[in-house]
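With these hints in hand, go ahead and build the complete structure from the sequences.
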Amino acid sequence: MGLEPGHARADLLRAVYEGLAYAIRDCIEKLNHTGPVRLVGGGAQSQFWSQIIADIAGLAVEVPQGSQFGAKGAALCAMVGTGEFDSLESAAQETFRSERIHLPNHRHAEIYNQTYQAAKSAAEAYLDSLRPSPQ
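Going by the working numbering, 71 is the number at position 71 of the sequence shown; the sequence numbering is gapless.
Source of the hints: derived by calculation from the structure; they are not laboratory data.
It is possible that some hints are incorrect.
Mimicking EDC-like on lysine to aspartate or glutamate, the simulated pairs with C-alpha atoms at most 16 Å apart in a straight line are [unchecked claim]:
id : residue 1 : residue 2
1  : K120      : E29
2  : K72       : E89
3  : K30       : E124
Just the calculated beta-carbon pair ranges, DEER-fashion [to be verified]:
id : residue 1 : residue 2 : range
4  : V16       : D86       : 34 to 44 Å
5  : N113      : C77       : 29 to 39 Å
6  : K72       : L3        : 33 to 43 Å
7  : R107      : G6        : 23 to 33 Å
8  : E124      : Q93       : 34 to 44 Å
9  : A118      : G42       : 27 to 37 Å
10 : D86       : S133      : 48 to 58 Å
Using N, Cα and C, we set each Cβ at its ideal position, and we do this for glycine too.
Structure (structure tokens):
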């Protein structure tokens, strides 16, 4: 949407970041999630992208300390299984250490909210066009 000949490579890259953040927001909404979002992996290393996610989702984005979160999750499951923690929720809470937090910039969030609604409408219209017509 809105791609013009004058757009540069940086514009396209930003559009990819924003598009992924819109998809994250869509998932958050479908899950009725209202708390902070925890972001891990390679993308979490980008403060720029972390901030875009916070702005688009309208939620704080927490980036935890550490790496190898899949292995950490498996270890926490084992610790719950052995009774060291009562639940995965308590294990995650007790072992979480924040590296940084990105709070939504409300001025940016307002703009992103409008563009999110437009992008969502366009995506739904496109998907509707792909559905076979009733015979």
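Hints versus structure:
1. K120 <-> E29: Since the Cα atoms of K120 and E29 sit roughly 12 Å apart, the hinted pair holds (cutoff 16 Å).
2. K72 <-> E89: Distance ~13 Å between K72 and E89 Cα, so the pair holds.
3. K30 <-> E124: 15 Å, holds
4. V16 <-> D86: 34 to 44 Å: 41 Å Cβ-Cβ, so the 34 to 44 Å window holds.
5. N113 <-> C77: 29 to 39 Å: Hint holds: Cβ distance 37 Å, inside 29 to 39 Å.
6. K72 <-> L3: 33 to 43 Å: 40 Å, holds
7. R107 <-> G6: 23 to 33 Å: 25 Å, holds
8. E124 <-> Q93: 34 to 44 Å: 37 Å, holds
9. A118 <-> G42: 27 to 37 Å: 29 Å, holds
10. D86 <-> S133: 48 to 58 Å: Since the Cβ atoms of D86 and S133 sit about 53 Å apart, the hinted range of 48 to 58 Å holds.
Checked against the numbered hints listed earlier, the structure breaks none of them; every hint is satisfied.
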